[in-house]
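A.B. asks: Please model the complete structure; the sequences and the hints are all you need to start from.
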Amino acid sequence: MRIDKVLWFLRFSGSRGMAQNWVADGHIRLNGRRVERPSADVKCGDVLVLPLPTRVSVIEVLSIPVRRGPALEAQGCYRVLDDLGATPLARP
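If you count the sequence shown from 1, position 19 lands on 19 in the numbering used here, and the numbers rise without skipping.
Source of the hints: derived by calculation from the structure; they are not laboratory data.
One should not assume that every hint holds.
Unchecked claim - Distance condition first, Cα-Cα at most 16 Å in a straight line; then the derived EDC-like pairs of lysine to aspartate or glutamate:
#1 K5 to D46
#2 K5 to E36
#3 K43 to E60
#4 K5 to D41
Given the structure is predicted, the values throughout are model-derived calculations rather than measurements.
C.D. replies: Here it is, written out as structure tokens:
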């Protein structure tokens, strides 16, 4: 499935157009490679690095969603591998 649809279906983007712009900006990585085409193919087992507004999130796609459903349904389709920036670093 296209990466823009996956990002929209998994509820990381508010609309498919926003997902297309996000991908076109070149900030998303798919299996370690920079993605600049919204038509890039995503399949089960792929790892995405997503620069979110407050953190960078690394997820593994467990299953391809068939629709943009409720948040719990979307969350069942991926696994968070690392949430970079989710916890602030302790300062001495």
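A.B. asks: A separate judgement is required for each hint: does it hold in the structure or not?
C.D. replies: Structure-based check of each hint:
For the hint pairing K5 with D46, the CA-to-CA distance comes to about 15 Å; that is within 16 Å, so the pair holds. Simply put, K5 and E36 have alpha-carbon atoms about 14 Å apart, close enough for the 16 Å limit, and the pair holds. The suggested pairing of K43 with E60 holds, with an alpha-carbon distance near 10 Å, which does not exceed 16 Å. Simply put, K5 and D41 have alpha-carbon atoms about 10 Å apart, close enough for the 16 Å limit, and the pair holds.
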